[in-house]
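> One-letter residues, chain by chain:
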Amino acid sequence: MAGSGNAHLRPDALLSARDLVVEFPAAGGRTVYAVSGVSLDLAEGETLGLVGESGCGKSTTGRAILQLPRPTSGTVQLAGQELTELDEDAIREVRPRLQMIYQDPISSLNPRRRVRDIVAEPLFIALENVSRRTAMAVWQERIGELLQSLLRRAAAPLRIVGRLASVAFVLWILSETVEDRAAEGWLGWTQVPAAIIGFPTLALLLLAGAIALLGGLIWVLLAVMLPFGLMSRQFGEVSSAVGLAGVVVTTGASAFMLWRTWSSFGGWAKWLNSGGLILLTAVLAVWLVLSLAKPERAGASGVATTLSAMVVLQVFYVAGLDGGIKLAVLVASAVVDALLFRWVLRRYRVNRDAERERAEPRVREVLEYVGINPDDAMDRRPWEFSGGQAQRLSIARALVSVPQVIICDEPVSSLDVSVQAQILNLLEDLKNLMGLTLVFIAHDLAVVKNVSDRVAVMYLGKLCEVSEPDAMFEEPAHPYTELLLAAIPQPDPEAELGSGRIGGELPSPMDPPSGCRFRTRCPHAAQRCIDEEPEMREIAPGRFVACHTPLVGETAPVRVETASASRGES
Amino acid sequence: MPDLPGSDARPLLDVAELRTTFHTAVGPLVAVDGVEWSLSRGARLGVVGESGSGKSVMSRSIMRLLPKSRVTSTGNVSFDGIDMMSLGRRELLEMWGPQLAMVFQDPLGSLNPVMKIGKQVGEGLRVHRDLSARAARSAALDLLEEVGIPEPHRRIDEYPHQLSGGMRQRIVIAIALACSPRLLIADEPTTALDVTVQAQILDLLEAERAERNMSLVLITHDLGIVAGRTDEIIVMYAGRIVERASTKTLFRDMKMPYTEALFRSIPKVTDDSHARLEIIGGQPPTMTSLDPGCKFAPRCKYAQDLCFAEEPALIEVPTPSPARSRITGSDDDGEPDVGADTHLYRCFYPVGTDDAAEALERNIASGRVSEAGVVIRTD
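Keeping their order, the protein sequence lines are chains G and X. For reference, each letter of the first sequence is one residue, going 1 to 570 in the working numbering. For reference, each letter of the second sequence is one residue, going 571 to 949 in the working numbering.
Hint data in this document are derived by calculation from the structure and do not stem from the laboratory. A hint or two may mislead.
[Unchecked claim] Restraint-style ranges between C-beta atoms, simulated for each label pair:
1) X/Ala777 with G/Glu82: 44 to 54 angstroms
2) X/Asp727 with G/Arg30: 18 to 28 angstroms
3) X/Gly597 with G/Arg30: 54 to 64 angstroms
4) X/Pro598 with G/Glu44: 50 to 60 angstroms
5) G/Pro111 with X/Leu884: 32 to 42 angstroms
6) X/Pro598 with G/Glu384: 17 to 27 angstroms
7) G/Asp376 with X/Asp727: 51 to 61 angstroms
8) X/Asp727 with G/Thr31: 25 to 35 angstroms
9) G/Asp379 with X/Pro598: 25 to 35 angstroms
10) G/Arg114 with X/Arg660: 47 to 57 angstroms
11) G/Ile106 with X/Asp842: 13 to 23 angstroms
12) X/Asp653 with G/Gly28: 53 to 63 angstroms
13) X/Glu721 with G/Arg30: 13 to 23 angstroms
14) X/Gln853 with G/Asn432: 22 to 32 angstroms
[What the hints assert, rightly or not] List time: in silico DMTMM-like cross-link candidates among lysine to aspartate or glutamate, alpha-carbon distance up to 20 angstroms:
15) X/Lys838 with G/Asp492
16) X/Lys838 with G/Glu482
17) X/Lys818 with G/Asp492
18) X/Lys838 with G/Asp531
19) X/Lys638 with X/Asp653
20) X/Lys838 with X/Glu848
21) X/Lys838 with G/Glu474
22) X/Lys838 with G/Glu428
23) X/Lys838 with G/Glu494
24) X/Lys689 with X/Asp712
25) X/Lys689 with X/Glu716
26) X/Lys838 with G/Glu468
27) G/Lys431 with G/Asp453
28) G/Lys431 with G/Asp379
29) X/Lys818 with G/Glu494
30) X/Lys838 with G/Asp429
31) X/Lys838 with X/Asp823
32) X/Lys686 with X/Glu721
33) X/Lys838 with G/Asp470
34) G/Lys431 with X/Glu848
35) G/Lys431 with X/Asp842
36) X/Lys689 with X/Asp727
37) X/Lys838 with G/Glu475
Keep in mind it's a predicted model, so treat the numbers as computed, not measured. Ideal placement from N, C-alpha and C gives every residue a C-beta, glycine not left out.
Bound conformation, chain G alone (with noise of 0.2 angstroms):
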C-alpha cells in the first residue's frame, strides 16, 4: 500500500481531509513518518471506519483531523471551513462540532470532577466563545500568550531564585537581631556571613527556617488550592471589572512597597540585589493581571504560581521598610489579598452555579440518550462506573455539544465482547437518532464492519484500500486487508484458523520501505512494488484501492467512465 492519490475522494463531503501528513521529530534528527499523504472524505450522516495494525497511524491521522497535533501539511476542511488554516481561538470555536471518544474511558474522564461537570464542559467552551471577544482581550491573551511561555522556560531558575531568596529572607530577619540596622535599613549579602556567625545559636536558625518553610508550605497550598479548577472561565467577561480593579490595587501597593524600600537602599549592591527583583515583580504583576483577565489561558497552575510568587515578594518588600510603614503595609497588603482571594472564590461560585443550571436541562437529555439515568449519575464521579457506563459518559461528553462529526477512536478495544456489543448497538442508536458522522478507529475488522457505511484500511501511514464493508470483507482488494480478515478469530470450532498470517513485524515509520510500503510483508510482492508507489484508483464502483495487483478486478488501470459516473453516484 500504501499509496497515495485522491481517487476515492467525493466533492460533496461534510468532512475532508486531503494529503494529510504527519511527522515526529525522533531522537538524532530522525523523523518519525506516521502519517504519509492520507486523503479521506466523509458525507453527512456516514460512519468511516479506519482500520489496520498498531502503529499504522490510524489514530494519528483521527488526531490530525482534529487538529491535535496540527498535521505537518494536507488540508482538512469541515463543512467547506479549512480547519489547518485556523488560529488556537478559532479553533477552540470548531470544537464543539468536531469530537473525540478515548480508547480507555476511565483515564479520559477526570477522577475528581463529577459527571454533571464533566459532561457540560463542552457547553461551557461553546458558551465561552459566543462571549464578546474585545481587542483589548486579544491583546490581553497576546501578551499572556509571550509572558506566559517566557514564565515557563524561567520557571526552573525562577524557582532557584525564590528558594535563595527565602533562604535571605530569613538570614536577614535573624541578623536583624544582631546587627544595627538603623543605618542602612538592608543587610548587604556581603554582612551576611558576618549576620550568621554572629547569631548566638545555630539551633534558633533551624527553628525559624522550618517556621519560614511552614508557612511558604500553607502559602503554596493555599494558592494550589484556591484557583485549581475553581477560576471561572467568566472573568474575562465586563462583569470582572471589580476584580480587576482589586488586583490593580494590589499591584499598585506592591508598586508603592518597591518604590519604598528602593528609596531606602544606599549602595550599589543593594541596587543590584533588588533590581532583579524589580523586573520580576514587574513581570509578576503584568502577568497577574492578564491570567486573571482570561485565567483559562493561563491554566489553573499558572495563576497558582503568580499568586504564590506576589505574596512572597510582598513579604519580601513589607521586610524591606522601617518600623510604623513596615507593619501599616503589611496589614494592608494583608487585607488586599483577602479581599482577593475571597473575590475569587466568590465569582467562581456564581459563575459555576449559574452555569450548572444553565447546562443540566443538555445534560440530563444526553445522559438519558446514552441510557444512564441522570438522578444517580450526575453527582458522582467516573471512577464509580464500570468501564461500560464510563464509555457511555464519554459518549455523552462528545454528544453534549451537538457535533457535526465524531472521531472514535478503539472505542470499545479495551472493553469486554459483551460490554462491547452494548456501545456498538448505541452508537448505532445514536446514529440513527441524531444523524452522526463519525469516524470509528478500531483494529477488529468484524467489529469496523458492524459500524460503517464505508471502511478505509491503513498501513504504515498510508491508505491501502477505501470500500463499502460488505463488499471488501466479501472480496478483499488490498492483500493486506486480505490478510487482516484472516486474522479475526472466528466464534465458530469448524471454522478454518485463518491460513495466511502477516509474518514479521511493522516496518519503522522512521524508514519506511521505498515503492509500496507493504511490500516486505506482501505475499505478491514484486518489482514493480520497490520502485513505484501504487496509487488510489477504482476497481469498481465504490471500491479504491492503492496496489499494483489488486485481488479484485483488472488490473489494468480503471475505465474513466466507470470512475467518474460512480463518484457522481456517491
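Dock chain X against chain G, hints included.
Positioned in the frame of chain G, the structure of chain X alone reads:
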C-alpha cells in the same frame, strides 16, 4: 521433558470444589465458588467469561499466586498427583517453571523493565536447571528464536521497552516455556494486542503446545479466540462454572443462556454491516451480596420465577453425537479429544428446548423482555 506413557489415564490437573474467598470490608466475596474440572496431558481448555466472572482468580488460585492475607482458597487442586493446596512456598518455587507456568495479559507489566531480555528468559533455567550464565544465555537465544523473535542475537541484550507489544508477549511466552512446563495457563494473553499479532501469538502458543505435549489453559472473554484452539470450554459466571462441554459440542449445542448471549454479542465478519448485535442487558451481579437463585437470572431472557428462587445445579446432558470415550494424551493429529463425553450446564430452561421457548414467550408477554429478545426489566 519427561516421556510420559499415553496410557496414563490420570488427568494432569484435577480441580475439585475450589472455592476462593476475598475477605473485604463489606463482607466475604466468593470469587470462585466450587469449581470442578480436570485437564489431561496435552489437552487444551478454554475458560470464558466477562470481567469479574472469577476466571483469573481461579487460575491464580490453582497456581497459588494469591496473597495469603485476606484471601482463603479451599478445595483440592491436584497436579499430577501433587496436592497444590498443601505446598509451601519453597515447594511452589520448584513447581513454577518446570511444572506450571503462566502468561499474563499485560506483557509490559510482567517483564522487569531494568533487566535485559536474555537474562529474564534464562533466569528460570539458571534456577531450575543449575545452568551456568553462558549456558543459560545460549538456551535463551534458542528460545527467542523458537518464539519468533527476529534478530535474537541483537534482541537478547535489549530491554523490554525497546520491543513492540507483540514481541514483548513473545518474550513472556519464552520465559514461561523456558523450563518446559507441563501446564501453561495463558490469562488473556492477547487482549492487549492487535488482531494480526493476536493471531500470531495464538498460533505460537498452539505450535509450542503441540510440540511439547503441554497442556494449555486459555483464559479469555472472547469466544472467538477459544473456538478454533481448544478441546474443551468452561464458561464462568459469578465465580461458578455455568457450562462445560467440548468445544464442538458447546458451539453446536449451547445450553446455557449466558453462553448463548455471550456468543450473540460478538460482531461477526460474516454478518452484514450494521447488523444489530444482541446485548446482555444489566450488569454482572455484585459479588458481595448475591441473591439466591440463578446468578444470571436478572439478565436472562428465559428466566422464570423458579430461576430467581432456586439456583440450578450443574447437570449433565448426554451429548447428542455418538459419545466419544475419554482419550488422554494427543492422538496422531496432535488434537486430543478430552472430556468430550460430558456436557454440563446450570439452567432450568436450557437453550434450544421447548421449555426455554415457552419461557421466552411468557417473558415477552409480561413485558420483561422486548420482542427482539432483550431484557428490559432486570428485576
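> Given the hinted pair X/Lys689 and X/Asp727, is their Cα-Cα distance within 20 angstroms?
Given that 20 angstroms is the threshold and the Cα spacing comes to 8 angstroms, the pair holds.
> Assess, step by step, whether the Cα of X/Lys838 is no farther than 20 angstroms from the Cα of G/Glu494, and give holds or violated.
Given that 20 angstroms is the threshold and the Cα spacing comes to 15 angstroms, the pair holds.
> Starting from the range 50 to 60 angstroms, see whether the pair X/Pro598 and G/Glu44 falls in it by beta-carbon distance.
Roughly 55 angstroms apart at Cβ, these two residues keep to the hinted range, so it holds.
> Does the alpha-carbon distance linking X/Lys689 and X/Asp712 stay inside the 20 angstroms limit?
holds (13 angstroms)
> Quick one: are X/Asp727 and G/Thr31 within 25 to 35 angstroms, going by C-beta?
holds (27 angstroms)
> For a C-alpha distance cap of 20 angstroms, please report whether G/Lys431 and X/Glu848 respect it.
holds (18 angstroms)
> Quick one: are G/Asp379 and X/Pro598 within 25 to 35 angstroms, going by C-beta?
Given about 30 angstroms between the Cβ atoms, the range holds.
> Take the C-alpha atoms of X/Lys818 and G/Glu494, compute the straight-line distance between them, and say whether it is at most 20 angstroms.
OK: X/Lys818 and G/Glu494 at ~8 angstroms, within 20 angstroms.
> Next pair to validate is X/Lys838 with G/Glu468; report whether the Cα-Cα distance is within 20 angstroms.
Roughly 16 angstroms separates the two Cα atoms, so the pair holds.
> Does 22 to 32 angstroms hold as the CB distance between X/Gln853 and G/Asn432, or does it fail?
holds (25 angstroms)
> Sort out whether G/Glu482 lies within 20 angstroms of X/Lys838, counting only the CA atoms.
Distance of about 16 angstroms is within 20 angstroms: holds.
> Regarding the pair X/Lys838 and G/Asp531, is the alpha-carbon distance no greater than 20 angstroms?
violated (38 angstroms)
When held up to the earlier numbered hints, the structure conflicts with 11, 18, 28 and fits the remainder.
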